[in-house]
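Trainee: Sequence:
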Amino acid sequence: MADSSEQKPRRLWKVIFAVSLAFNVAVIGVVAGVGFRFAGGKPPQAFEIGLGPIGMALTPEQRREIGRSLRRNPELRELGRSRSDGMIENVLEVLRAETFDPVALDQALAGARERARVLQSAARAAFVAQVESMTQDERAAFADKLERASQQRRKP
1 MADSSEQKPR RLWKVIFAVS LAFNVAVIGV VAGVGFRFAG GKPPQAFEIG
51 LGPIGMALTP EQRREIGRSL RRNPELRELG RSRSDGMIEN VLEVLRAETF
101 DPVALDQALA GARERARVLQ SAARAAFVAQ VESMTQDERA AFADKLERAS
151 QQRRKP
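Just so you know, the sequence shown maps onto residues 1 to 156 in our numbering.
Since the hints were made in silico from the structure, they are not lab data. Please note that a few of the clues may not be correct.
As the list claims (entries may be wrong) - What follows is a set of in silico ranges between Cβ atoms, one per label pair, in the way DEER data are often shown: (1) VAL128 <-> ASP106: 28 to 36 Å; (2) ARG64 <-> ARG148: 19 to 27 Å; (3) GLU138 <-> ALA18: 57 to 65 Å; (4) LYS145 <-> PHE100: 28 to 36 Å; (5) ARG148 <-> THR99: 51 to 59 Å; (6) TRP13 <-> GLN136: 53 to 61 Å; (7) VAL128 <-> GLU78: 49 to 57 Å; (8) ARG77 <-> ASP144: 33 to 41 Å; (9) GLY52 <-> ASP106: 24 to 32 Å; (10) ARG77 <-> THR99: 37 to 45 Å; (11) ILE16 <-> ARG71: 53 to 61 Å; (12) PRO60 <-> VAL128: 14 to 22 Å.
Built from N, CA and C at the ideal position, the CB exists for glycine as well.
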């Protein structure tokens, strides 16, 4: 029979790994969602670049321009090419292994985290460039729209 003091740390590690897995799956979902959203050269439907109401306060044309900018970004093109690097196959292999290796799973998911970081950084730079191209009046109108959206979110 197993010692109860041995069971508690093992259970704790299982919980930690489950939470880690859930986080990494969420990251993969975000990366895959962005990939599907930009597929086919279509402009993003509701481009949000991770800035919440700030990104959504842009006009559809401004969001399209940011999307075009991201599609022209060579770093993101390379990211799209590396999609077929076998990450999913590696994750499946780790999940189906006789004994679960959390370190191997974390390493398999590291590519998704890096892709998300690169995408977020590129999206933020494209957003800043979009705002930089605005006139003073356009920036003021954008600020007003953002303020209204922010106030509406606070209302119950």
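Trainee: Flag every earlier hint the structure violates by its number, smallest first.
Mentor: 3, 4, 7 and 11
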